[in-house]
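Asks: Please work from the sequences and hints to get the whole structure.
Listed below are the residues making up each chain.
There are 2 protein chains.
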Amino acid sequence: MNEEFSITPWEVKGKIDYERLVKSFGVKIIDDNLKSLIKKVFGEIPKLIARNIFYSHRDLDILLNEYLNGKKFYLYTGRGPSGPMHLGHILPFIFTKYLQEKLSTMLIIQMTPDEKYVYHEDMRPSEVYNYTIDNIRDILALGFNSQNTYIIDDIRNINFLYPLAISVARKVTFSTARAVFGFTPETNIGLIFYMAIQAAPAFIGYFISDEYKYCLIPAAIDQDPYWRITRDIAGKLGFPKPAQIHGKLLPSLKATGKMSTSEPESAIYLSDDDDIVKTKILNAFTGGQPTAREQRLYGGNPEICTVYMYYYYLFEEDDRKLMERYTKCKNGEILCGECKEELSRRIINFLSQHRRRKEKIDDEYIEKYMIDSKVNLEDQIKKYLLLR
Amino acid sequence: MNEEFSITPWEVKGKIDYERLVKSFGVKIIDDNLKSLIKKVFGEIPKLIARNIFYSHRDLDILLNEYLNGKKFYLYTGRGPSGPMHLGHILPFIFTKYLQEKLSTMLIIQMTPDEKYVYHEDMRPSEVYNYTIDNIRDILALGFNSQNTYIIDDIRNINFLYPLAISVARKVTFSTARAVFGFTPETNIGLIFYMAIQAAPAFIGYFISDEYKYCLIPAAIDQDPYWRITRDIAGKLGFPKPAQIHGKLLPSLKATGKMSTSEPESAIYLSDDDDIVKTKILNAFTGGQPTAREQRLYGGNPEICTVYMYYYYLFEEDDRKLMERYTKCKNGEILCGECKEELSRRIINFLSQHRRRKEKIDDEYIEKYMIDSKVNLEDQIKKYLLLR
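Each protein sequence line maps, in turn, to chains S and E. For the first sequence, our numbering puts the final residue at 544, and the numbers step up evenly by one. For the second sequence, our numbering puts the final residue at 544, and the numbers step up evenly by one.
One or more hints might be untrue.
[Unchecked claim] Here are the simulated DSSO-like cross-link-like pairs (lysine-lysine), alpha carbons at most 30 Å apart as the crow flies:
(1) K369(S) x K538(S)
(2) K538(S) x K524(E)
(3) K514(E) x K538(S)
(4) K524(S) x K530(E)
(5) K191(E) x K171(E)
(6) K484(E) x K514(E)
(7) K524(S) x K538(E)
(8) K179(S) x K203(S)
(9) K258(S) x K516(S)
(10) K228(S) x K496(S)
(11) K539(E) x K524(S)
(12) K203(E) x K369(E)
(13) K486(S) x K434(S)
(14) K538(S) x K516(E)
(15) K184(E) x K195(E)
(16) K486(E) x K410(E)
(17) K530(S) x K530(E)
(18) K539(S) x K516(E)
(19) K434(E) x K169(E)
(20) K530(S) x K524(E)
(21) K538(E) x K516(S)
(22) K530(S) x K538(E)
(23) K228(E) x K196(E)
(24) K484(E) x K496(E)
(25) K530(S) x K539(E)
(26) K227(S) x K195(S)
(27) K539(E) x K514(S)
(28) K410(E) x K514(E)
(29) K514(E) x K539(S)
(30) K496(S) x K486(S)
(31) K530(E) x K539(S)
(32) K524(E) x K539(S)
(33) K184(S) x K195(S)
(34) K514(S) x K538(E)
(35) K486(S) x K203(S)
(36) K195(E) x K227(E)
(37) K530(E) x K538(S)
(38) K516(S) x K539(E)
Read the hints as simulated data drawn from the structure, not as lab findings.
Replies: Listed below in C-alpha cells is the structure:
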C-alpha cells in the first residue's frame, strides 16, 4: 500500500496500513503459536482475535504463560472523552468485557478528561466534564461487573493516580517523550506530562491488591506510544512490563478512511437515531458495482466494502453466515441495497437496546464503579510509600 | 559586586547580589512611596520590610490600592519538604503570619513534596512524606490561625489543585517553561509540568470563596520564576495577576555564602540541640579582627558579619538596640565572643520554645488546617466547571 497515513494517540490520518504499523511500532503480530496459547487459556479463540481485529501485541505470550503458571493479571483500558462515542469507540470495550468475563479478573477503566482538556486548548471544562459522564454511561451500558471493575476519572480521582504518575514522570526525560510523541517546543506542558497519568493505571493494580503485579492492556493500536514509554520505566519502578493487545480501528463509512471526529457521517454514534443510521448506511462506501446489472454480472468487492467491514467487526458473529455473505457478494447474488438494509436493521436494533440500558445508568449506578467508592486512599498511599 | 552567583527555585550558588536580581528578574524595589502606602494599610511599616529583608515586589502597589478600595486579597506561600527546616526557611512564614494577623485574611500554605520528588530523582516517597509531616509541624508551631489557614499537600490534596493546574498547563508551552527555568532535553517531564501545580494556589482562593480573586504571594525571591509564568497566564484564566513580595535569603553562617542543604553547618536547623547551636555560632564567619587587641583598636565590620546578620534578620527586634550593637562593633567596644554568646543564647531560647510548641502538634491538630477537612471538593469542582 502506497497511500500515506499517520497515526498518533490524538489523530489518525489516511488509510491505516496495519502491517506497516506493526513494523514501525515494533509490536508483534498474534501468530498461530500465540493463538494456540490463547486457546489454552480461554478455551477458544476469541472472535475478535480469530478475525485479526485484535491482531498485534507486546508480551502477551509471556503474560499468558505466567498466567498458566498461576500468576494473575488485571486488565486496563480507557477512553478519552472528547465527544460522544461511536461504534468504533466501544469495540475495545466489547473485547475487554469478554476478557474480563472469561478470566474473572479485575478491570481498570481510565477516563481521561485531562488529556482531552490539555490537547484541545479551546475546550471548556464543562464540555469535557459532560462527555466524561456521558461516555461512562455508554461504557457501563455494555454491562461490566461492578464487583471487579474500577473506573478512574483522571480529574476527580487524580489523588489515586498522582503519586504513581510522578514516580513515572521523574523517570521520563523530555527528550524521550519528544521522540515518542513528536512534541515540539510549542507543545504545552500539560500534554507533555500527561503520558505519566496514562501510564499510572498500568501499575495501580498492585496498589489495589497484592496479587495484581501483571497487567494486560487491550486498546486500539493508536495508543501504543503510551505503552512504549510505560514499558521503558516499568522495571525502574519494580514492576513487570505491562503487556498489550492491540486492536484495529473500526473503518470509516467513507472511502477516504479518514476518522470520524471531523466527519460525523463517517461513523455511527451511539446516540444516532434510526433515520440517521439509515442515511449514513445508505451513503456508506461499498465495494459494489455502479449498477445492479453489473453487480449481478461481475460481483462486488467485500474486501474494500465498509458495509461488509461493519458485519465483519461487529454485526455478524456467525463465521459461516459471514462467509456466506462474502461469497454471495463476490458472486453477484446479493445487491448493496439488501446488504445495507440488513445492516441498518441490525445497528438500529443494537442501538435501541444500548440506549435502553444506558437510560438506567444514573449517578448512583456509576458510583458503584468509581475507584474512590471502593479503594481506601490512605491504604493506597501507605503502599506508595514503599515504592523505590 | 563581581562575584558570580546563580539562583533558581532549586539551587542557590554563590553570594547573592540582590540589586542585580531585581534587574535580571524584572521586579521592583519596595521604595519609599510604596512604604508609605504599606504604612497606610498596616498602620506601621513591618519590621522585615523596614529592614529591606522583604525588599522587592510585583504589583504590590496595585494590590494595596485595590485593598484600600475594598477589594480583599488572600495570601499564598509554601514549602518544599526536601529536608528538615532551618531558620532561613521559617523567615517567610514569620512574615506571612504577620501579614495574615494584620489583615485577618485567608492564607494558603502549599506543601510541595511532588516538586522535591521529581527534582531529586533518587529520593524515596517515604522520605518526602516524612519531611512533609515534619515541616508542617514546624510551620504550624509558629502559630497560624486554624480558622483561615489552609494547608494543601500537593500529593494528598492533588484533587483540589489538578483541575486548576491543567488549566494553567495547557496555556504554557515547553518553550516558555524552558526559557524561564532553563530546562534541557534531559529534564524530566515531572519537573517540566510541576510549575502548573505551584501556579494553581495563586488562583484557588476564588474557588474557596468568591471574595478572593486577588492574591499576594510572600516568598523568598528564588521562587520568582514560578510567579513570572503564573502571571503570564492569569489573564487567560480570567484572573488578575497575583502580586508578590520577595524576601532575601537568610545568609549562610559561612563566609562563602553557599546555601545550607549541602553544608549543614552553614545554617541553624530547628532541630539543632543547644551544643550544636553553640558550635555553629562559635564557628560562624564574622566581620571581627583577628585578635581582641586589633578589634578594640580598629573595630569590626558588621556589614559582612553573619552573626550581625542573624541579629538583623531575626534576633533583635529593637531597632535602637540593633543600632547600638552595630556602633559598638564599629567602635571596637564589643568582641565577637560576646556577640556570639548572646546570639547563641537567643537562638537556643527560640528553638526550645519552638520545639515545645511543635511537640503539641499531632495529626489531629494538623487535620484542622488541611484543605480537605475544610473545603468540599464537589463544590469546588462545580466552580471549576465555570472556568474558561
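Asks: A separate judgement is required for each hint: does it hold in the structure or not?
Replies: Cross-check of the supplied hints:
no.: 1; hint: K369(S) x K538(S); result: holds, 17 Å
no.: 2; hint: K538(S) x K524(E); result: holds, 21 Å
no.: 3; hint: K514(E) x K538(S); result: holds, 24 Å
no.: 4; hint: K524(S) x K530(E); result: holds, 26 Å
no.: 5; hint: K191(E) x K171(E); result: holds, 27 Å
no.: 6; hint: K484(E) x K514(E); result: violated, 36 Å
no.: 7; hint: K524(S) x K538(E); result: holds, 21 Å
no.: 8; hint: K179(S) x K203(S); result: holds, 24 Å
no.: 9; hint: K258(S) x K516(S); result: holds, 25 Å
no.: 10; hint: K228(S) x K496(S); result: violated, 44 Å
no.: 11; hint: K539(E) x K524(S); result: holds, 25 Å
no.: 12; hint: K203(E) x K369(E); result: holds, 28 Å
no.: 13; hint: K486(S) x K434(S); result: holds, 24 Å
no.: 14; hint: K538(S) x K516(E); result: holds, 24 Å
no.: 15; hint: K184(E) x K195(E); result: holds, 18 Å
no.: 16; hint: K486(E) x K410(E); result: holds, 21 Å
no.: 17; hint: K530(S) x K530(E); result: holds, 23 Å
no.: 18; hint: K539(S) x K516(E); result: holds, 28 Å
no.: 19; hint: K434(E) x K169(E); result: holds, 26 Å
no.: 20; hint: K530(S) x K524(E); result: holds, 26 Å
no.: 21; hint: K538(E) x K516(S); result: holds, 24 Å
no.: 22; hint: K530(S) x K538(E); result: holds, 23 Å
no.: 23; hint: K228(E) x K196(E); result: holds, 16 Å
no.: 24; hint: K484(E) x K496(E); result: holds, 14 Å
no.: 25; hint: K530(S) x K539(E); result: holds, 26 Å
no.: 26; hint: K227(S) x K195(S); result: holds, 18 Å
no.: 27; hint: K539(E) x K514(S); result: holds, 28 Å
no.: 28; hint: K410(E) x K514(E); result: holds, 28 Å
no.: 29; hint: K514(E) x K539(S); result: holds, 28 Å
no.: 30; hint: K496(S) x K486(S); result: holds, 16 Å
no.: 31; hint: K530(E) x K539(S); result: holds, 26 Å
no.: 32; hint: K524(E) x K539(S); result: holds, 25 Å
no.: 33; hint: K184(S) x K195(S); result: holds, 18 Å
no.: 34; hint: K514(S) x K538(E); result: holds, 24 Å
no.: 35; hint: K486(S) x K203(S); result: holds, 23 Å
no.: 36; hint: K195(E) x K227(E); result: holds, 18 Å
no.: 37; hint: K530(E) x K538(S); result: holds, 23 Å
no.: 38; hint: K516(S) x K539(E); result: holds, 28 Å
Checked against the numbered hints listed earlier, the structure breaks hints 6, 10; every other hint is satisfied.
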